[in-house]
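Asks: Modelling step: build the complete structure from the supplied sequences, incorporating the hints.
Just so we're on the same page, our numbering is the position in the sequence shown counted from 1, plus 764.
No wet-lab data here; the hints were simulated from the structure.
Worth double-checking, as some hints may not be accurate.
Below are the EDC-like pairs computed for lysine to aspartate or glutamate, each with C-alpha atoms no more than 16 Å apart in a straight line [what the hints assert, rightly or not]: (1) LYS1171 - GLU1111; (2) LYS1368 - ASP1391; (3) LYS820 - GLU841; (4) LYS773 - GLU1408; (5) LYS827 - GLU1233; (6) LYS1171 - ASP1148; (7) LYS1022 - ASP1322; (8) LYS1071 - ASP1115; (9) LYS827 - ASP862; (10) LYS820 - GLU879; (11) LYS849 - ASP811; (12) LYS849 - ASP1322.
All values derive from a computational prediction rather than experimental measurement.
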Amino acid sequence: MKLQGWNAKVTDTGKRYIDSNEPIQDITISPNLVMEARETTFLNLADNLNSDVGIKETTMTIKSSSGDVVPVKFTFERIMSEQYKDRIVYRWHAETVDPDKNYELLGGSNYGEVELDEVGNVLRWSNYPGHVVRANATNDFNSSFPAGSRIDLGKNGIDWPLRAYGDISVSDSNGAPVTLLSQDDDDGSGAIDSSDRPDILIYRDATNPNKVTVQVSDSGGTTYTGTITTDGTFYDLNRLFAQGVTLDDGTGNEITLKNLILDSGVSESVALLPVGQANALSIEMYQSGSDDKTEWGLDGIYMTDTKGELIPKYQDEDNRLQLTDGTNQRNVKFLGGISLKDSQNNEVFYDPRDISFSVDATGNVTITLKVEESGTLKTVTFSDADGDSGSADTVEEFNSKMESGWKSADGKYTISGLSVIEANATDTFVSTTTNTSGETSEAGTVRYVAAKKIIQTPVSGELRLIDTENSQNYKIAEYENPNVVISTKVYDSLGNDYDINIKYSKISDNTWYWKAETVDGQPLYKITEDGTTTSDPAEGVVAFDGKGQYLTSRWRLDSVGYVDYDTSDSDNGSIGFWFDPASTGESPNERVAPSSVAAAGPVKVNLNMYDLTQFAAPNSVNVADQDGNAKGVLQNFTINDLGEVLGMFSNGKSDLIAQVAVAKFTNPGGLIDMGNSMFAQSENSGLAKIGSFGEEGAGTLVSGALEMSNVDLSEEFTKMITAQRGFQASARVITTSDQILTELVNLKR
765 MKLQGWNAKV TDTGKRYIDS NEPIQDITIS PNLVMEARET TFLNLADNLN
815 SDVGIKETTM TIKSSSGDVV PVKFTFERIM SEQYKDRIVY RWHAETVDPD
865 KNYELLGGSN YGEVELDEVG NVLRWSNYPG HVVRANATND FNSSFPAGSR
915 IDLGKNGIDW PLRAYGDISV SDSNGAPVTL LSQDDDDGSG AIDSSDRPDI
965 LIYRDATNPN KVTVQVSDSG GTTYTGTITT DGTFYDLNRL FAQGVTLDDG
1015 TGNEITLKNL ILDSGVSESV ALLPVGQANA LSIEMYQSGS DDKTEWGLDG
1065 IYMTDTKGEL IPKYQDEDNR LQLTDGTNQR NVKFLGGISL KDSQNNEVFY
1115 DPRDISFSVD ATGNVTITLK VEESGTLKTV TFSDADGDSG SADTVEEFNS
1165 KMESGWKSAD GKYTISGLSV IEANATDTFV STTTNTSGET SEAGTVRYVA
1215 AKKIIQTPVS GELRLIDTEN SQNYKIAEYE NPNVVISTKV YDSLGNDYDI
1265 NIKYSKISDN TWYWKAETVD GQPLYKITED GTTTSDPAEG VVAFDGKGQY
1315 LTSRWRLDSV GYVDYDTSDS DNGSIGFWFD PASTGESPNE RVAPSSVAAA
1365 GPVKVNLNMY DLTQFAAPNS VNVADQDGNA KGVLQNFTIN DLGEVLGMFS
1415 NGKSDLIAQV AVAKFTNPGG LIDMGNSMFA QSENSGLAKI GSFGEEGAGT
1465 LVSGALEMSN VDLSEEFTKM ITAQRGFQAS ARVITTSDQI LTELVNLKR
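Replies: So this is what it looks like as structure tokens:
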């Protein structure tokens, strides 16, 4: 009367399984059954990563000073370079979206970075500087210089800002750092010396635009040169710099330049266009990240407008428009905006992107504007504020002329609305008749842009963009944390458990960066596709298709922060992670001393991400399965509807320990009824076919329930009625006998 089936077998790796091809036997469950400790070899990650996270595209509508309604769109792109991939940093881009409005955002202010905390508060908002690198050996990078003398980043008629940054290192063949010398005289001493900032010279070959030459000089004056072949884009150039570019001095001595990053401020790959050493890009390296001479930015979003503040976007870095009190000089600062009217007192719209100031040798100021007349641009000049060409214009004379209305040279236009501030009334203008070295634009001209700050950007708190003319007009960019963390335990071969985190961080549409680390943030190590363990961090990129389904997890991030899609090489994303519990400082479990787990050996875990999805739904990603466990003792068991006997162990795991067998017959009605709900095989029933529940129509098992009656209820009911009638008849005999005895007693009396 023993329950029969198959007892589970155990593989060498500790996995239990049922072999239903074996003969059935009595099912035995030992109360001291032990689940052996098993090392974790895989984690199966499943469920959803929310596609709708990060900073949402945001558009707000503002009014220009001339009354036009202008929509301004902000887009945000995640930056995943080495220094930012563990932080929430986005590159922002602002642009006007109405093609019919003749407004543009200033090139130095419509790109930048914003860093957020986990809940979306602004930690840092910055504008990309208009220039941080120099165009050649003599000229600082400035977008007013002719295209032939600068690095041209022109794309669709727009000049993108360019940044050069990174933890730049230069080392010799032994790995020792190399001290560099400047390519030119930075401090104006007349000689290249140690006081000049060192720089890196980059230019493209005149005949092959995909060949880029890199040149540096060490402190001894030795020049090192190397040529690399790229596809002409920043992406490829930065990738090669991340790997290291080898330069030599022509005699066999080599040095390596690494980690220089050129950033155009946009996601598209923008090529370096100039060719030849004469037009080389010279990148100065600084000890400090802030330098008044080389960097400037704007504290909001500025738009060119017919009225507005004067921004020295086109002014050269020497600040040549200056005032003097006869001894000391100071830079000119303006207040207000230019109003231009014709002889009928009608407002005239001028080109706000092209306003120039010049001062002659006497000190007379000339202002030049461009206005449209009959479909063509006409140059309009205003000169000699005091009307005396023989004496210098003073601040008081300039401001008085602007207040009363300054007539143009041809008498057709009047300019007003601008004033000089933070100066003495008697200060005079300083001559700007000469250019700085290398400038080829019109002599003595200091160019400005009339622009108005239209949007105040946040410096802290929520991502709120405010209309500077109307504080009630603002837009808060929607944000949801792009990071997801899954915590789980893994086990070594002795059953010691280790807490680890797997972090997902959304990069862009359909791509996520992931990494495995300890709970205190220490990285775990990479396993390559051929199973090789390396000392690189365990990380990679998982991608999804347009339907939200898993595509690949073989991509990776390079040190520049670009996604490396090339899986044909051996440098792909990690397929899992490993660590050595016996190595001091490398065990993810601080409770376990390395010496106590030395016998366990390294733990190697593969990650399966095939069951991940990416839909616009809440994050639900989790570890659906893993094969590791600590040692456990059987505490309870249950039987499911397929007849599987599942044991619950003290380590919190459940496992298969047996399988109940079921018999099938060709003619179940031919079984011999042995009584007590038992039946025997007969020739009429056919031979028993032993199998598992649920297979080939065998039905299922209901555990923990009593079997329903299988007798003939009508027959049993009839028998019950007959018995009841017989009992009633017998009872009448007793009643009659009692009455007879009573009568006998009465007769005696």
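Asks: Each hint should be assessed against the structure and marked as holding or not.
Replies: Here's how the hints hold up against the structure:
1. LYS1171 - GLU1111: 14 Å, holds
2. LYS1368 - ASP1391: 12 Å, holds
3. LYS820 - GLU841: Holds - the C-alpha atoms of GLU841 and LYS820 are around 10 Å apart, at most 16 Å.
4. LYS773 - GLU1408: Measuring from Cα to Cα gives roughly 13 Å; hence the hint holds.
5. LYS827 - GLU1233: 8 Å, holds
6. LYS1171 - ASP1148: 10 Å, holds
7. LYS1022 - ASP1322: 13 Å, holds
8. LYS1071 - ASP1115: OK: LYS1071 and ASP1115 at ~10 Å, within 16 Å.
9. LYS827 - ASP862: 13 Å, holds
10. LYS820 - GLU879: This hinted pair holds, its Cα atoms lying about 14 Å apart.
11. LYS849 - ASP811: 24 Å, violated
12. LYS849 - ASP1322: 11 Å, holds
Hint 11 alone, counting from the list given before, is not met by this structure.
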